[in-house]
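A.B. asks: Next come the chains, spelled out residue by residue.
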Amino acid sequence: MHEQQITGEGNSLPLAIELKKICKRFGQVQANRDIDLQVQRGTIHGIVGENGAGKSTLMSILYGFYQADSGEILINGQPATIKNSRDAIDAGIGMVHQHFMLVDTFTVLENVLLGAEQSASLDKSEANALEVLEHLSAEYQLSVPLKSITAELPVGQQQRTEILKALYRNAEILILDEPTGVLTPQEADQLFRVLKALKERGVTIILITHKLREIMDITDNVSVLRLGEIVSTHRTADTSTAELAELMVGRKLETQHFHKVDTADGESGIAVNNITVVDDRGLTRLDDVSFEVKRGEIVGIAGVAGNGQSTLLEVLAGIQSPNKGQFVINGHIVDASAPLGPREMREIGVQHVPEDRLRLGLIKSFTAAESSVLGYQNRKVFNWRFFLNIKSIRAACVKLMQAFDVRPPDPKLKSSSFSGGNQQKLILARELDKAPSVLLVGQPTRGVDIGAIELIHQKIVDMRDANCAILLVSVELDEIMTLSDRILVMFEGRIVGTVKGSEADKTTLGLMMANAMDTAA
Amino acid sequence: MNTSDIELPAWVEVVLIPVLNILMALFFAGLIILAIGENPVEAVAIMINGAFGYDEAIGYTLYYTTNFIFTGLAVAIAFHASLFNIGGEGQAYIGGLGVGLTFLLLDKYLPAIILIPIGIIAAGLFGALWALIPAWLQAYRGSHIVITTIMFNFIASSLMVYLLVNVLIKPGSMSPETREFDPSGWLPFMHEILAVVGIEVTRTPLNLSFILALICCVLVWAYVWKTRWGYALRTAGQSEAAAVYAGIKPKRIVIITMCISGALAGFVAVNEIMGVHHRLLLNYTAGYGFTGIAVALMGRNHPVGIIMASLLFGVLYQGGAELAFEVPKITREMVVAIQGLIILFSGALALMLRPLIVRLWLAIKPSPTLTQHG
Amino acid sequence: MDSVLTLQTVLSTFDATLRVSTPLILCAMAGLFSERSGIIDISLEGKMLSAAFAAGTLAAVTGSPWVALGGAIVVSVLLGLVHGFACITHRGDQVVSGLAINVLASGLTIVLGIAWFSQGGQTPALASESRFMPLQLPFAETLKGIPGIGPFYESVISGHNLLVYVALLAVPITWWVVYKTRFGLRLRAVGENPLAVDTAGISVSRLRFSAVMIAGALCGIAGAYLAIAQNAAFAREMTAGQGYIALAAMIFGKWRPLPAMLACLMFGFLDAVSIRLQGIELPIVGEVPVQLIQALPYILTVVLLAGFIGRAVAPKAIGVPFSKER
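Chains as they are written, first to last, in my numbering: chain A, 1 to 521; chain B, 1 to 374; chain C, 1 to 326.
It should be emphasised that the hints constitute simulated quantities derived from the structure, not laboratory data.
Treat the hints with caution; some may be incorrect.
Said to hold, decoys possible - Per label pair, the in silico range of CB-to-CB distance:
| # | chain 1 | residue 1 | chain 2 | residue 2 | range |
| --- | --- | --- | --- | --- | --- |
| 1 | A | D280 | B | V167 | 52 to 58 angstroms |
| 2 | C | N231 | B | V197 | 52 to 58 angstroms |
| 3 | B | I357 | C | K316 | 32 to 38 angstroms |
| 4 | B | Y140 | A | K391 | 35 to 41 angstroms |
| 5 | B | K108 | A | K434 | 23 to 29 angstroms |
| 6 | A | V29 | B | V304 | 30 to 36 angstroms |
| 7 | B | A286 | C | Q8 | 39 to 45 angstroms |
| 8 | C | G63 | B | N49 | 54 to 60 angstroms |
| 9 | B | L194 | C | K254 | 20 to 26 angstroms |
| 10 | B | A286 | C | Q119 | 19 to 25 angstroms |
| 11 | A | I390 | B | D182 | 45 to 51 angstroms |
| 12 | C | V320 | A | D405 | 53 to 59 angstroms |
| 13 | C | F308 | A | N274 | 35 to 41 angstroms |
| 14 | B | P117 | C | N231 | 48 to 54 angstroms |
Think of the CB as a built atom: it goes at the ideal place given N, C-alpha and C, for glycine as much as any other residue.
Please model the complete structure; the sequences and the hints are all you need to start from.
C.D. replies: Given below as structure tokens:
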């Protein structure tokens, strides 16, 4: 495998996919620009890039979800027009989307059948399919209970359903879009075993990810996308994580270094005691969680997305109340019998930068000025008798924009017209401006451009130095390690490990996030 | 090409596209008139003359307009909280029950200066109560407000028939209506008011509630766009999650907004019962509640737009009556058909022309204006 | 009491139940197809009304019930296509579009009716050969003598017009199509997760258009039933809210064919007894106001939707226009 040539005239292996000069623009945003890509048959080809680099758009074009504005697609050397998913399927392409394309109320079998029924009668189609599927599951270790309702299955099995769907349609090319984002490390390992088995049987695999470790582990070749363009294609064996990272961001990664507070001796900001949260469906989201955040320290919560971090933030921000246990925040005791809502939390000096800025942090159709008082709309300064004081709201917004370099500094512009980074700066500005003594921050730099990241990180550290107690949740391990004075690792709603920020290393944290410390030890 | 993200100048969004939509609806209405063998141009001329040609016509037009402003505002304010209140008809009807009950009890004892405010409050309160139940069911029991408000229209109708036939009927009367209320509960007619200041106009049903309707427009505008409660309402309407984050209680917004909406619809009773009929009777709402949906859609849920749309419907109702009189083949129900077309083109197909207009706009304006700043 | 509960009155009440339930069942199945595909359909009323008008008109003009039935279906399907054009092609609001069709139908049927026939909105009265007349099922007379089942067969099951039997057949057929065919699988999928359908290589629009057209056809039959089978002419506003009752019944049946039919029969039964109960004192409760019984379908639906009797869960993607754009 390692002897293959990736580019040049002397290709030894035939190409499964060849893209020539693919361009795609959404409104004013050029999502893909002159993309040239060659994927050899029977290989695993990684595509890496930052959020918003255009990876998903490119694959959506290949799968017929969007149409390219210009450019050419060749499948197995033949020019192909892919106008919709049907064309893609007919061309032998299968795709496992980041968000699964499954009907929750259907059985696995029905989901696999959908669109690939062999007869107008459902019973007949099911009978036909069962045989084929049992054969496929055995061959690729893809065991899924075919008669179970999809929604009741764990995420890993839902993903396997997606792979089965593609294989049932005789896919020879399989695209996986960020497949491990929702998986536990064990599930991810299992997925990689399946992918290797598929490769051995000649299936071509495209793996889209922003996790470089995965690229190094499993791919044969790797292409890097930056700002809608392919900036390099390498044999994986010939490159390194550092090189790829640099290509992704387009300059030497100057990791910011902040001094770490080893033992914060300030008063307590947040003290969580044995909190448990069970959701509507009866799933335990937080399981007996206890920890403390002192004034003047940043405590980072590391973990794979979906292990309870979001719930923890929402509980501390007053959006949810705990079922069991209590916490003391800024001197106020909160439990199920005495919950505090988001409004009260703000009033006692707990500020919250939410994880999902477009859903929670601002209102897209509001002006920047209106969004800049979200959560503070009842404050006296922004009101005059019955009415909102538009003048003071605008003036305050301009001040925030200046302090955090929000561009363009126009408070009358619609919130949705700002870039992700500028939206995030505005939200951060709004919350930090209230001089919090406790700050909750979720995914502060998700979908934010590099320039803004540095400013945001600096502002968070400045808050710590101003004696604020900060709880930081991020799925970006690097971010957690850069900022945190203390790191807590969450797994399945529990805190499974604590590491000092100054002593943290990636391997240990990775093992903890997989809850595999014991087995590794 | 995805055209929905491309911003157009305000005048295109707020004036040009809505006007084109209405013109399309009217074009199809013209086709219907052609189909039954009449001349649409002539019909329009008769209608406009019938609506504005003489002072009596204007009075009638504005009297209808009053109802549409109330129901249009009712639908619009709910829309801003992303609630679709189809129950305006029932809320208006039950609003009349509020007036009827209080007047049957009190009209003999109270002077106009007290009785009229009580009547207005009762109309609003009962309308609000009839909206409160679907609102509560939506907020706390997860029922879909569209379906519940539809059901509540029918329930209101049955309830009113029962009450008027069996309970509130004027003793000894054959027709299901209450006794006439004492004149102290009657709202003054416009021709009466104008007569006081020396202007003589023909007697029409137009009464003081027209002024109330205009006041409601100002209040709704100020509430939705200029107060923190309106801010909360719009936030909850745009994103429930963001509302919760901002310390706003979406359930409370649903309840409050629907109550305001129901009260506005209930004010139809002020115009109809206190202003015109002076007794409670069957089916006096005559579809005004449903027309409110067309009015709100056409007026893009803004009070200014609603006043203009209400005026247009006032013209259609009054001019349509005149038209039915002059051209017997075109009946009053033509207005209902036009209403349907307007709901279709200004509501369901409101965005039909937009992609086309965006393309035209981009063609005329080749230099790309940046909408993404960064 | 005796007068209420004789065998004859019971049987004739059941007989009437079936007659008034027929349009409800047809419309409920129509609504089921549409809503299972993710398109809210409050326009059952308007489609049925337009179809009734078309049937009344065509039967009066051509004298053929079959032409009238065909015309009714065509008109109703066309309205279904308008709904589809607004909601599927242009991603308009489904409730608004449905409402537009209802209001339009309500106005237009009267305008055209008066313009064409000058009978106050009514279409001319039909002779029996232009209508669907009651059919005597085989052996009805012979079996009449058998106690129990005999009279039931003779006076409840037999003696209806063709369209009643069509409605009763529509239910098992709907069940079979929805649960046992490829089309049904896709229909259920597109109402739950249209993206899954799209990525499986099936056109979401085409599926949804088929669904609204089927809904149109069924409403067309219901309308024809009203104008040329149950009655002998179209009368203005003759649907009188039955489209909404059918919608309520479909929700009551939780978007499933058999329970929806049972709900239709229950609502139809309430309608049938409400006429009989007028002015009659019942034990314990006394006289039940007829208006209460008439409002009962709506009240029951509200109570059901509020989760006080079971939970009605709508298809997940209902009411949301499908978009591939991000």
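A.B. asks: Each of the hints needs a verdict: does it hold here or not?
C.D. replies: Hints, verified against the model:
| no. | hint | result |
| --- | --- | --- |
| 1 | A/D280 / B/V167: 52 to 58 angstroms | 45 angstroms, violated |
| 2 | C/N231 / B/V197: 52 to 58 angstroms | 57 angstroms, holds |
| 3 | B/I357 / C/K316: 32 to 38 angstroms | 33 angstroms, holds |
| 4 | B/Y140 / A/K391: 35 to 41 angstroms | 39 angstroms, holds |
| 5 | B/K108 / A/K434: 23 to 29 angstroms | 59 angstroms, violated |
| 6 | A/V29 / B/V304: 30 to 36 angstroms | 35 angstroms, holds |
| 7 | B/A286 / C/Q8: 39 to 45 angstroms | 42 angstroms, holds |
| 8 | C/G63 / B/N49: 54 to 60 angstroms | 43 angstroms, violated |
| 9 | B/L194 / C/K254: 20 to 26 angstroms | 59 angstroms, violated |
| 10 | B/A286 / C/Q119: 19 to 25 angstroms | 23 angstroms, holds |
| 11 | A/I390 / B/D182: 45 to 51 angstroms | 47 angstroms, holds |
| 12 | C/V320 / A/D405: 53 to 59 angstroms | 38 angstroms, violated |
| 13 | C/F308 / A/N274: 35 to 41 angstroms | 37 angstroms, holds |
| 14 | B/P117 / C/N231: 48 to 54 angstroms | 50 angstroms, holds |
The structure fails to meet hints 1, 5, 8, 9 and 12 from the earlier list, while all remaining hints are met.
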